[in-house]
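Colleague: Whenever a hint applies, use it, and build me the whole structure from the sequences.
Protein chains: 6
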Amino acid sequence: MTNLAEQYRVTQEPFYQPQANEVALYEAAYNARLPVMVKGPTGCGKSRFIEYMAFKLGKPLITVACNEDMTASDLVGRYLLEANGTRWLDGPLATAARIGAICYLDEIVEARQDTTVVIHPLTDHRRQLPLDKKGELIQAHPDFQLVISYNPGYQSLMKDLKQSTKQRFVGFDFDYPAADLEASIIATETGVNKADAVRLVKVGAAARALKGHGLDEGISTRLLVYAATLIQAEVNPLDACRMALVRPITDDADIRATLDHAIDAIFA
Amino acid sequence: MTNLAEQYRVTQEPFYQPQANEVALYEAAYNARLPVMVKGPTGCGKSRFIEYMAFKLGKPLITVACNEDMTASDLVGRYLLEANGTRWLDGPLATAARIGAICYLDEIVEARQDTTVVIHPLTDHRRQLPLDKKGELIQAHPDFQLVISYNPGYQSLMKDLKQSTKQRFVGFDFDYPAADLEASIIATETGVNKADAVRLVKVGAAARALKGHGLDEGISTRLLVYAATLIQAEVNPLDACRMALVRPITDDADIRATLDHAIDAIFA
Amino acid sequence: MTNLAEQYRVTQEPFYQPQANEVALYEAAYNARLPVMVKGPTGCGKSRFIEYMAFKLGKPLITVACNEDMTASDLVGRYLLEANGTRWLDGPLATAARIGAICYLDEIVEARQDTTVVIHPLTDHRRQLPLDKKGELIQAHPDFQLVISYNPGYQSLMKDLKQSTKQRFVGFDFDYPAADLEASIIATETGVNKADAVRLVKVGAAARALKGHGLDEGISTRLLVYAATLIQAEVNPLDACRMALVRPITDDADIRATLDHAIDAIFA
Amino acid sequence: MTNLAEQYRVTQEPFYQPQANEVALYEAAYNARLPVMVKGPTGCGKSRFIEYMAFKLGKPLITVACNEDMTASDLVGRYLLEANGTRWLDGPLATAARIGAICYLDEIVEARQDTTVVIHPLTDHRRQLPLDKKGELIQAHPDFQLVISYNPGYQSLMKDLKQSTKQRFVGFDFDYPAADLEASIIATETGVNKADAVRLVKVGAAARALKGHGLDEGISTRLLVYAATLIQAEVNPLDACRMALVRPITDDADIRATLDHAIDAIFA
Amino acid sequence: MTNLAEQYRVTQEPFYQPQANEVALYEAAYNARLPVMVKGPTGCGKSRFIEYMAFKLGKPLITVACNEDMTASDLVGRYLLEANGTRWLDGPLATAARIGAICYLDEIVEARQDTTVVIHPLTDHRRQLPLDKKGELIQAHPDFQLVISYNPGYQSLMKDLKQSTKQRFVGFDFDYPAADLEASIIATETGVNKADAVRLVKVGAAARALKGHGLDEGISTRLLVYAATLIQAEVNPLDACRMALVRPITDDADIRATLDHAIDAIFA
Amino acid sequence: MTNLAEQYRVTQEPFYQPQANEVALYEAAYNARLPVMVKGPTGCGKSRFIEYMAFKLGKPLITVACNEDMTASDLVGRYLLEANGTRWLDGPLATAARIGAICYLDEIVEARQDTTVVIHPLTDHRRQLPLDKKGELIQAHPDFQLVISYNPGYQSLMKDLKQSTKQRFVGFDFDYPAADLEASIIATETGVNKADAVRLVKVGAAARALKGHGLDEGISTRLLVYAATLIQAEVNPLDACRMALVRPITDDADIRATLDHAIDAIFA
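Protein chains in written order, with full-length UniProt numbering: chain W, 1 to 268; chain G, 1 to 268; chain B, 1 to 268; chain L, 1 to 268; chain R, 1 to 268; chain D, 1 to 268.
Treat the hints loosely; a few may be bogus.
[Unchecked claim] In silico lysine-lysine, BS3-like type, Cα no more than 30 Å apart, as pairs:
1. K133/G <-> K211/D
2. K162/L <-> K211/R
3. K133/B <-> K162/R
4. K162/B <-> K202/L
5. K134/W <-> K134/G
6. K134/D <-> K134/R
7. K134/G <-> K133/W
8. K134/B <-> K134/L
9. K133/D <-> K134/R
10. K133/B <-> K133/G
11. K162/R <-> K133/D
12. K211/D <-> K162/D
13. K134/D <-> K133/R
[Claimed, not checked] Just the calculated beta-carbon pair ranges, DEER-fashion:
14. Q128/D <-> R33/W: 52 to 62 Å
15. K56/D <-> E68/L: 47 to 57 Å
16. R9/L <-> N3/B: 26 to 36 Å
Think of the hints as simulated: they come from the structure by calculation, not from any bench.
Everything numeric in this text was worked out from a predicted model, so none of it was measured.
Using N, Cα and C, we set each Cβ at its ideal position, and we do this for glycine too.
Modeller: This is the structure we're talking about:
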């Protein structure tokens, strides 16, 4: 079991710059083992934050990217057929409950309902995971905690968590970092000069202003880091911005023109 | 069999404060082995009540969180492939029928119809569970009782129990506890001081008044307990309320503002 | 085979009070081995009647609760994997055809079409059940008879039997028993005094008058028996009626008020 | 193989009274091994005709009741897992092609497309059935013929044969027998007196006149035979008609009244 | 491998009468190993043409009737479970690629997308078939060629090939043969006298004129051959035409009357 | 492992003529191991470009044609049943991550969501692929890079990448080559004379002008190469153009006429 825990240990401190008192609040939630829901747009740093907290708390972290084809068995475990009969294989949620890991279910709303219902007994006073198919009832390790992420921008009538699921979590709101902080993140991660980092943040701000006016989401910090990486590799900044900040996110000719003009103006 | 029953025994008295004569009425229903349906909103204590009754009656309790991907086999049982052929594994419903447990099907309307129809012969004068795939007919243990929960707020044209299922149960209505009782529950469970417990109940009342006016459900007692837990962990009460009572339940800016104002006013 | 037949033998005479000449008509249909369709609302005694006739005729009875996830294999049989290869397991319909049982398919319209088509060769002059997957053709035992139940209230465009299925049966119509008979049934089954039995029948009549005016179905005899059982267990009659006759069948506030008033008036 | 053919041999001459020159035409089609499509309403004698022709031609007959859950494998065959690996099991279509049987696919439109496409190479000059999963190409036995039935009343936009399937068959139209012939069939099959047989045919005519005016299909000859059977068993003719001719086919109160009046008048 | 190729060799020259220069054009396409798409209505001779070309070129021919339930595995291959583990079984497409056959996918639009996408790497400069499940990359035999058929009359928004599939083929258009040629085909194939062959072609022309005016497709050459076959078997020509040319293709009373009149007039 | 890498090595330099600075930009993206998205219409050279870059960079290339029936297991891997139990088989994505290949997911939008979500941890700072079913976490080889292709013309509300997927890539836009370049490609690949190559490019331009006016997509360079191939095989140019440039892409009579006129005029 110890070896399994080591495999999921975060061994290097992830680069994370706090935006407010979220680190202290998370520690309070973890100490009470309250289930946590992190909310925010794509690429704003939700996963990085959880990875950072797992490092800081010294707990293993098991991440699962949820999707609509994932079944409860993918989380809980299943029997494998082997030479001498079947063998049970714990899924990531069962493993996390056994070894006392933080289990991070990324984009939980994408999963089917049986996946979300299966977490219920782990998120109330019982802290249990029934393995119905194995006839076993796992009592969660004292260190176990459940974390889910949730992008409100995707929330739709068809795909939303049920209130009976939502009301099992405390919530953290995330957003893109403030301009200064974001420029500092970009410069620190890529080595790009501060002036270009500031310019990229300005491009990001221009794109984020288009959210709801032709863009589903603004440009993430991740894409700004991509652009800075290309600039560091001596790609022309205009090419770098088009490759990293325009072409991946939209094919709409008008939006592309608007973004191109912004880039030309900012890097002029 | 005895060992199996022990595994599902509720060994510690759950914390439960009766709201009316529901304990006596449940005992009458159990004594006649009438199937029971408990109704009420998320997190108002339905599951806790059944757990308490199982403890009080000294009967094992097997809980199943229903979901739309659950099949009848998940309840009744299935064959597992093993080294020397297949082995039958009872599902939770078959186990409950054999050992004389209370079988609690949580949020039954979420299940597919084959799951709901499979309980019919257990809920009339026959008290039988046919294991068609095994060719066995289980005659339920004299102590067996079936309990289902049901959240009327979720009832829709597409997902409702059929009358031929409903008319097999006697019903209990549940709701959030009265204010005094709820404050007492919060204080007892978390150790928070009485004044803060009363304030949290007021926040709960404000949120519940929004049900149907932007909120699908009010705030559950469970979330109020979460907030109190964070306050006990020396989190600022305003932060604790936002984390536990606002962010998890809505992303609507207006509703959030309304709730934030209520929290500010109550904790001022 | 004899043992199998014994397992499905109805050993105790079920309590059944005839409403008209249905017993004689059923005997005529059975003697000609005509397939039988019993129609009527939930809980009016259709299943009890078939159980009674099986007892009276001294034939085994195999009951299957149909549902929309049931496949033809669930009725006919399937191969199981075992240590030394696969083994065929007869489904309930094949078993009934072999041992000469009455096979009762409850709520047949719920089943998928492959389930209903599979009964065709058993319901015409051939009286055969082809086990395509096994390569066997069962010639039904001379005592075999097929019975299906059907609730016209559920009939919809999407879920109705095809004419090519319907035109293979003779039909029996059922309804709630007349008032005197129903009161006598309630008193006999539960031991409740005649006056309370009559009052409960009046509550039933009040609810049945609401069918189509807010209730999908009236209150079944079964629920009236539940209420009488609770009264016999010294539960207050008003509580017993609310538990057994109001809460399980509707969450509509107006209908509940109407039913509550009726109960108050009748038990005043 | 011979034994297999014997199992499907029609050993007793089925009762069949020709309506026109259909027997000679079928023989011509069979002699040229043209695939045959028989069309007509429920219970008018399509299946009986094919059974009769199989008897007359002295060929084995394999009947398959098609349904929407039937797969191509159900027709063609599949691998079964056994103690020493997998074993191929021919489906009914492959069996028929090997032994030279008439293969009768009843209600073909109910089947999924993969079932209908699989018959194509058997119905053109190739007369082959590729067993793709087995890697074998069956060349049909010289005696093999394919017959399908088809109820035009069910034809809908969603469920109709494709022209590329239809244009592989020659067609026979069937309908209810003329009145005299039908009365003679009823009397011969059940022993009922001629007068009652004539009355039943009149009831049938009355019901068939309602087709398209509240009834999806008229009353089949089979149901008239049921009613005659009950009358022979000394059931009151009015009861017999209601059981066999009214209740199974409709729940519409107006149609039922119309039919009841017709029965009363005819048997007065 | 040679034996496998022999099994799919077309050993007898199929009867085929060219309509224009399609034989030379096909040879040019085959010599460059360009993938070929043949288009045209049901029963106009597309499959016969490919069979003829395979004979003429001396290449094996593997035909697959596509359908909407066919999976990529049905084309590519799958693992079979056997006594000593699993064994890979090539599907028809993999077999064709290995032995250098012409692989003819009949009615490709009926197949699911995974079936159509799987042919992409076989239809560009790569000429490869990746067996992902086996971890093998088949380099197609130099003689391998892919042919698909396509009925433009079935083309709908829901079921059409994607442009990225279409743009991998060169196309051949087919239609019913000209009158003289068609009469000669009918007479040659069935031995019917020339006068009757000409009459049948006239019936075909009358029916084809109704395409789009009540008929989805005209009458195919195949059905005309059926009618001639019956006439040769001494069936009355009017009966033969009704059986082969009217009943199989429509149940519409008006269209049937129109066709019947045409037949009466032509054979008068 | 080395052998596996060799199997996917591009051993011959693919014919590729750069259109702008895309080769240098791709090298910059590869050097930073940024995930790449290539966009553009069918047959414009996207796949050829990636193959060329893999050759130039000397890295193995694993291509997967995505489709809507592809599951995450098809990419990641699965257990195979063998004589002595199950054996894990890496999918193409896992293989690429292990051996340090460029993994090219062609037409990624066709895949189901579980396929697209599974690439997320490979496309951020983690560069990991969790094999949940095997309980292994692959750390990608330093040479591994992910490339996806994307045809904006297919983009629809139902089938589009989520922003959380898009924002993990830098983008390259592709289009048909300029006229001179395209004629040179055609002449070089097929040996056709320059004049005919120029004429074919003119036909292509005429067809591309119809995009959005009756054609979903223009004619690809690939089809122009097909036509040139046929001309080189001494097929009449008009026949060659009709076979390769008209019949495969449309059945619309008007569009066909327009294209035929263009071809006649250009080759006059």
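Colleague: Please go over all the hints and tell whether each is borne out by the structure.
Modeller: Each hint, compared with the structure:
| no. | hint | verdict |
| --- | --- | --- |
| 1 | K133/G <-> K211/D | 58 Å, violated |
| 2 | K162/L <-> K211/R | 15 Å, holds |
| 3 | K133/B <-> K162/R | 38 Å, violated |
| 4 | K162/B <-> K202/L | 24 Å, holds |
| 5 | K134/W <-> K134/G | 18 Å, holds |
| 6 | K134/D <-> K134/R | 18 Å, holds |
| 7 | K134/G <-> K133/W | 17 Å, holds |
| 8 | K134/B <-> K134/L | 18 Å, holds |
| 9 | K133/D <-> K134/R | 19 Å, holds |
| 10 | K133/B <-> K133/G | 16 Å, holds |
| 11 | K162/R <-> K133/D | 34 Å, violated |
| 12 | K211/D <-> K162/D | 27 Å, holds |
| 13 | K134/D <-> K133/R | 16 Å, holds |
| 14 | Q128/D <-> R33/W: 52 to 62 Å | 27 Å, violated |
| 15 | K56/D <-> E68/L: 47 to 57 Å | 54 Å, holds |
| 16 | R9/L <-> N3/B: 26 to 36 Å | 34 Å, holds |
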